[in-house]
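Chemist: Listed below are the residues making up each chain.
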Amino acid sequence: MRVLRRGTLGTLGTLALGGFAILALSAAPPLSAQEDAAAAGKVVYDRWCAECHGETGQGDGSAAASMLPRPRDFTQALYQIRTTGSGQLPTDADIRFAIENGLPGTTMPGWPNLTDGEIDDLIVYLKSFSRFFGQGPAPEPLDFGSDPGGGPAAIEAGAAAYLTMLCEECHGLSGRGDGTSAPTLEDWRGLPIRAADLTEAWVLNGGSSVEDMHTRMLTGLDGTPMPSAIDAMNSGVVSPDEVWQLAHYLASLGPREMPPLREVIRVGRAEAGLPADGEEEAWAGVEAFYFPMSGQVVQLPRNFAPAVDGLWVQGLHDGSDIALRVQWNDPSNSPDPNWDEWQNKITAALDLDGAEPIALDSAGAPTARPPDAVLLQFPFEPPEGTDRPYFLMGDAREPVYLWTWDSETGVGAGRGRGLDSVEPLGEDPVTGEATWEEGRWTLYLRRSIEVESDGLDFAEGAPMPIAFQAWDGSSAEVGKRSSVSTWYYILLEPPASSTVVVTPLLAMLLTGAFGLVLVRRAQDRRRDG
Amino acid sequence: MKRYLSHPFWQGAIVIVVSYVAFEWVIGYVLPVIGVASAPVPSSVILQYMLTVLVGIVLYMSADEARWKSFKKPIHETMVARDRKTLRGILMVALPVLIGWLAYQNVRPSYAAPATLRSVHPAPPNQLTFRGETIELTGLENPLHEEGSIEEHLAVGKRIYVRNCVPCHGDLLDGQGHYAPAFNPVPADFTSSGNLPQLTESYVFWRIVKGGPGLPREGTPWDSAMPAWETILEQDEIWATILYLYDQTGFTPRTWEEEGEGGHE
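In order, the protein sequences belong to chains V and Z.
Going by our numbering, the first sequence opens with residue 56, and the numbers climb by one from there.
Going by our numbering, the second sequence opens with residue 1028, and the numbers climb by one from there.
Honestly, the hints are just simulated from the structure, not real lab data.
We treat Cβ as the ideally placed atom computed from N, Cα and C, and that holds for glycine.
Errors might be hidden in some of the hints.
[Unchecked claim] Label pairs and their calculated CB-CB ranges:
no.	chain 1	residue 1	chain 2	residue 2	range
1	V	Glu505	Z	Pro1101	28 to 38 Å
2	V	Glu110	Z	Leu1164	33 to 43 Å
3	Z	Phe1157	V	Ala94	39 to 49 Å
4	Z	Pro1243	V	Leu565	44 to 54 Å
5	Z	His1034	V	Leu564	42 to 52 Å
6	V	Glu90	Z	Gly1159	25 to 35 Å
7	Z	Ala1150	V	Leu415	46 to 56 Å
8	V	Gly374	Z	His1034	31 to 41 Å
9	Z	Thr1258	V	Leu415	24 to 34 Å
[Said to hold, decoys possible] Some chain Z residues well away from chain V (every beta-carbon gap over 10 Å; in silico):
no.	residue
10	Trp1037
11	Tyr1138
12	Asn1153
13	Gln1154
14	Asp1201
15	Gly1238
16	Arg1281
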């Protein structure tokens, strides 16, 4: 009874308190417009952003550990993509730009599904994560001056400025992110960060136009080792025009957009004989096909942050042999002790999805330095219809024929029955070699079109399925933690045939003659009638 | 204008142009824009359709004597009239060139990938095995509707989705994740009205559990990079992810009652 009474009293007390609270709330002044917006922004944030950027905005959402670079930590107010000076806060328009366009080359997409109003609210909420916003005057964009124009002379001057400004220390002489400092780079959190590969402008975080490149150079990328060029300009190392010329040079280093995907690699006939290696000039005139690569995210352990994001493939044949050239960008020529620290940092920073991390010895050096590797796969038996083996190196039912290469053992052949089942083929008819120069591997492969001892037969004119995988040893990529592609085709150009010319000519002649006869008859009949 | 519209010859010409535009562009490119699932028509099929249209026009025109006469008149005029000499000359050159070009298109070496036909929603099996446990699919409902808190299930589903599915299917659930360009066929777009609203939750469960490797053999190549998620996720995690997919896109799943009426596409 006593207990009950105390409980009843307690309940009454709670009700009374609750009532007072409701009264107090309804008596309070309405929330300010700013708070309203932040509350609306929180709804958007929790729905779309929180899983990566974290509920408290620290960039530590549940999915963050598998991402490199990590999601932005809004509490630090460190924004890479700005129009304001180095170390300054972004403008609202800058934050909007990143939300609308995303950050190419990272896991941050653009958000066309959000309305302008939702983005406005979201910006208010994002800023509320950091106490830096709202103190002092609103940030102002820099004065970027005006572009003096591009052209070959500007690009040449820009190339000189590239060296004057020491860009190559991180980005490398060819711009592939392979500079001598590249293995040591860290972001503000101490996590490893790649020097941007300037030859693949479509994965640049802040956009790929000349203006984008110029803006990024003037503002720097806060939170990364990328500095602002303003100091160099103020101290007279470079002129404002030279920075614009440098932007033109950077934009000239490669295509702005990802090359369009073409499903069939066309292997032309080499009239003057096949090139003997991957360096020969003849390759320059051969059509190159680009294949984007994904992390292997199908079987455990998965790779959510792959190092190799695409391959270029070229092919030639002479009727008896086929030669392929595969090129891809990789800033490290693994195994390379200069990249030990990088390898350790990647191993520590990434969620390896259950993979065994490479152990360190007592001196802190890795006990293994995996090689770089690439493999090409084909169906083991000539494909029937459009049936193809499983794209991850086949399965027990349907094996795949593998052309393998790694930077330690070179070129070989194998039979794959799944990602962890590769059996080397003793007498392998595939030969070739690879060279690494300024952040790019060039792999040359050669083989007879037809080999008696195995099932792989490149019939001219018949599309042969082909798929790829790649590993960067210095990024601790081994085993299933690779980059992969799905199936494409490779097609050997058949010998020129006369029907291509004769048939259309015959069709034209017949049509013309038929027309003439018709008209003549009609006119004769009219005259007679 | 009206004169042309009422003239059989020009009526025929208009039907031919309109049909070609419909087969070549409307079916393949306009319908997807207004949200109807469709794909470009192969050129050989277009040729067949156009021949059918042509035969239809000739049959219609020749069914009536007067109509047939006035249909033929402009053609005849062009062949004989003195004042149409220039037009005649142009046609006598242009038609053979057109035919020659069409012939060339047919015999020139092709570097296109072999055409593959995919059924986007193949018929599901009646049951599946989840790590050895047999589960009846027919009539199967999402068990999470009946247990626990839906908010908690949605939170789990969202965590699973963002960690595992986003790289391919995208943050916006539109099939445009950052790895999507590397996959052929492209990952499924959950915001499309042709996917989630057409399917029961059990169907989605089957596709997630078995992935690309579990697709039926008939109608290959599937080439789907979709993992068989039974190797990575628990059943409840998959059901929670399905709840999240429908909740975040605002679609409602097909029910077993509807299923009985229609069946899968």
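Chemist: Among all the numbered hints in the text so far, which are the ones the structure does not match?
Modeler: Going through the list in order, the structure violates hints 1, 5, 6, 8, 11, 14 and 15 and respects the others.
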